[in-house]
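Chemist: Protein chains in written order, with the UniProt record's numbering: chain A, 1 to 273; chain B, 1 to 272.
It should be emphasised that the hints constitute simulated quantities derived from the structure, not laboratory data. Please note that the accuracy of each hint is not assured.
[Claimed, not checked] Pairwise CB distance ranges (calculated):
(1) A/R169 - B/G120: 38 to 46 Å
(2) A/R6 - B/E170: 40 to 48 Å
(3) B/E152 - A/L250: 42 to 50 Å
(4) B/A126 - A/N172: 26 to 34 Å
(5) B/E152 - A/F30: 22 to 30 Å
(6) A/D119 - B/A182: 30 to 38 Å
(7) A/R14 - B/G138: 43 to 51 Å
(8) A/R14 - B/G58: 56 to 64 Å
(9) B/G120 - A/L269: 18 to 26 Å
(10) B/G120 - A/G256: 42 to 50 Å
(11) B/E72 - A/G253: 50 to 58 Å
(12) B/A182 - A/I37: 58 to 66 Å
[Claimed, not checked] Chain A is nowhere near these chain B residues, computed Cβ spacing over 12 Å in every case:
(13) R31
(14) G58
(15) E72
(16) P89
(17) A118
(18) H119
(19) E144
(20) D214
(21) Q236
(22) D247
(23) S254
(24) R262
(25) E266
(26) S267
[Stated by the list, open to error] Computed footprint of chain B on chain A, listed as stretches where at least three residues anywhere in the stretch have a Cβ under 8 Å from a Cβ of chain B:
(27) 165–178
(28) 190–197
Ideal placement from N, C-alpha and C gives every residue a C-beta, glycine not left out.
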Amino acid sequence: MTTTPRALQHRARRERTVFQLKSAGGMVLFAASFIAIWHVATAGYEDGGLAPTPLASGQRLIEVLSSAFVHNPPNEVGIVFHLAASLQRVVLGFGMAALVAIPLGLLLGTSRVIHDALDPVIQVLRPVSPLAWLPLGLALLRDSQATAIFVIFMASLWIILVNTIDGVRRVNPLYLDLARTLEATTANRVLRVLLPAALPGVVTGLRTALSTAWLVIVAAEMIVGDRGMGTFVWTEWNAMNINSMVVAILVIGVTGLVLDRSIAQLHRLIPAN
Amino acid sequence: MGTTIETDAQLPGKPPALEISKVTKGFAHRRRGFQQVLGEVSFSVDEGEFISIIGPSGSGKSTLLKLIAGLESPDQGHVRLTDEQIAAPSRRLGVVFQQHVLLPWLTAKQNVLFALQAHGASRRSAAERESLAEHWLGLVQLSEAQDLKPGELSGGMQQRVGIARAFALESEVLLLDEPLGALDALTRHALQLQLLRLSEQQRRTFVLVTHDVDEALLLSDRILVLSHGPQARIQQDLRVPFRRPRDRTAIESSEDYLTLRRELLESLTAQP
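Given these sequences and hints, build the entire structure.
Modeler: Now the structure itself:
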């Protein structure tokens, strides 16, 4: 066996390729057996009824995707418009929550007094399901779009807030001592020391909040939306289009994955060490 | 470069650079109750003097340094910096911390620059600050590494950035809290010489906390020995008579060195 660096490098690459092939093969095998079991389990429902079959779901997926951009409301609205409506609400509600929760978290993380004063409120409101805010939102805002955004805001707020506070608490106290010995201005201390040092907590909060927001928007739109992924699920269900449920789950799942992967890029901002 | 043996030959009426008078400090522990770490500590440091504070571990050396830095306030007594009483950290007092305390998301140079601009108003232009930072990093032989982040530097290099940062501030008094304590013996040895050279060229006032007797003897004009805590006091105030500029080999082979060293070690190991 040769042991030149080149040969070792080559062998390592080949081993990696073999490993990747094995994983890919496993994935295909798993998907195939899943569909096979699904097919067997739903045999007898091909002519309709309340169970989606693989074949019918596949057909429905093609139908939905081929009319994705159809825009002829109120009856014909393509999936792209539903998806865009949901994403818009999530981005707005989540963004506003981040704008409130990050500065507030930096404040509460550094001031013990303010933290202890507000903590009971946070602890009581945090475990409340975001959907419980929905009727209140409708009553106060009198607008379904604003209410959906408000629910997302509430769903994201506590998660970002609590994680930011936690991130600030984990900041090496010597960094703050350093800022004091340098007589750093408040702006420099907060923006150039505290925030970057607390970033791991902030990013964890943003990431968790965004996936939670995506979970919540579907449920919220089943109730208030005239458009959105939740509305799509609910109207298709009312039309007994059970095969659409599979399509919806697939679209929601893939979108959630993409959202999570995009916001995970924020981790790159966090310095090593 | 003058000799500093006659540091007590101050002009009459000129206040010492640093005066610590009757300072006490204690901490409340949840289980052990109130612990008086420092019992009345008083001493003063003349301008341009290099003093070391040594003591057994847990004797409150670092607490004392934090009090001087204004990071903690004394229960009683006060710390004065020439004419001003220290109640909060001040740029007149530069600190080199025990761990390097560099901001990991900034490069070595950015860390020094941050120190120079953190307080907002600076009488220097951005270009001047930049060349000042480069100058100091050069003096600790880090010009090549100035654009690396702390995570890419060795422990010794990180601490040298910390030293460059403290010097660049041009504070009157530099406080060094066991700056070399976490380094391996070889690096520590090299950095001691670097500190010796810098301190002799810079003629500022230095307060070094260390538990290394040889380090204290090499660098200082005076050594204060803190007694074993709780209620630590200064139990000895030794003058180190070696001429400057100092040469390590010459000092370490002198008769005085061995006598002082023995005296210090006896003092450190003496039971309260």
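Chemist: With reference to the structure, classify each hint as holding or not holding.
Modeler: Now the hints, each set against the structure:
In this structure the supplied range 38 to 46 Å is violated for A/R169 paired with B/G120, their Cβ-Cβ distance being about 27 Å. Checking the proposed 40 to 48 Å range against A/R6 and B/E170 shows it is violated: the Cβ atoms sit about 54 Å from each other. A hinted range of 42 to 50 Å for the beta carbons of B/E152 and A/L250 is consistent with their spacing of about 44 Å. A C-beta distance of roughly 28 Å is found between B/A126 and A/N172, which places it inside the suggested range of 26 to 34 Å.
Roughly 42 Å separates the CB atoms of B/E152 and A/F30, a value that falls outside the hinted 22 to 30 Å. With their beta carbons about 36 Å apart, A/D119 and B/A182 fall inside the hinted range of 30 to 38 Å. The supplied range of 43 to 51 Å is met by A/R14 and B/G138, whose beta-carbon atoms lie about 48 Å from each other. One distance hint, 56 to 64 Å for the beta-carbon pair A/R14 and B/G58, holds here, with the actual separation near 58 Å.
In this structure the supplied range 18 to 26 Å holds for B/G120 paired with A/L269, their Cβ-Cβ distance being about 25 Å. Separated by about 44 Å at the C-beta atoms, B/G120 and A/G256 satisfy the suggested range of 42 to 50 Å. Between B/E72 and A/G253, the C-beta spacing of about 54 Å keeps the proposed range 50 to 58 Å intact. For B/A182 and A/I37, the hinted distance range of 58 to 66 Å is satisfied, since their beta carbons lie about 60 Å from each other.
Listed as a non-interface residue, B/R31 keeps its Cβ farther than 12 Å from every Cβ of chain A; the least gap is roughly 21 Å. No beta-carbon of chain A comes within 12 Å of the beta-carbon of B/G58; the shortest separation is about 19 Å. Here B/E72 does not stay apart from chain A, with its beta-carbon only about 10 Å from theirs, under the 12 Å limit. With a closest Cβ-Cβ approach of about 4 Å to chain A, B/P89 is found to fall inside the 12 Å limit, against its non-interface label.
With a closest Cβ-Cβ approach of about 4 Å to chain A, B/A118 is found to fall inside the 12 Å limit, against its non-interface label. With a least CB separation of 4 Å from chain A, B/H119 falls inside the 12 Å interface cut-off, contrary to its annotation. No Cβ of chain A approaches the Cβ of B/E144 within 12 Å, the least distance being about 20 Å, so the stated non-interface status holds. With a minimum CB-CB distance of about 27 Å to chain A, B/D214 clears the 12 Å threshold, and the non-interface call stands.
With a cut of 12 Å on Cβ distances, B/Q236 stays outside the contact zone with chain A, its closest approach being about 29 Å. The beta carbon of B/D247 sits about 33 Å from the closest Cβ of chain A, which is more than 12 Å, so the claim that it is off the interface holds. Non-interface call for B/S254 relative to chain A: holds, since the shortest CB-CB distance, roughly 37 Å, exceeds 12 Å. Listed as outside the interface, B/R262 is consistent with that label: its C-beta sits roughly 36 Å from the nearest C-beta of chain A, beyond the 12 Å cut-off.
Non-interface status of B/E266 relative to chain A is upheld: no Cβ of that chain comes within 12 Å, the nearest being about 34 Å off. Against the 12 Å criterion, B/S267 stays outside the reach of chain A, whose nearest CB is about 30 Å from its own CB. For the segment 165–178 of chain A, the proposed coverage by chain B is satisfied: 5 residues have a C-beta within less than 8 Å of a C-beta in that chain, meeting the threshold of three. Residue count for the segment 190–197 of chain A with a Cβ under 8 Å from a Cβ of chain B: 4. That meets the three needed, and the coverage hint holds.
In summary, the structure is inconsistent with hints 1, 2, 5, 15, 16, 17 and 18 from the numbered list given earlier, while agreeing with the others.
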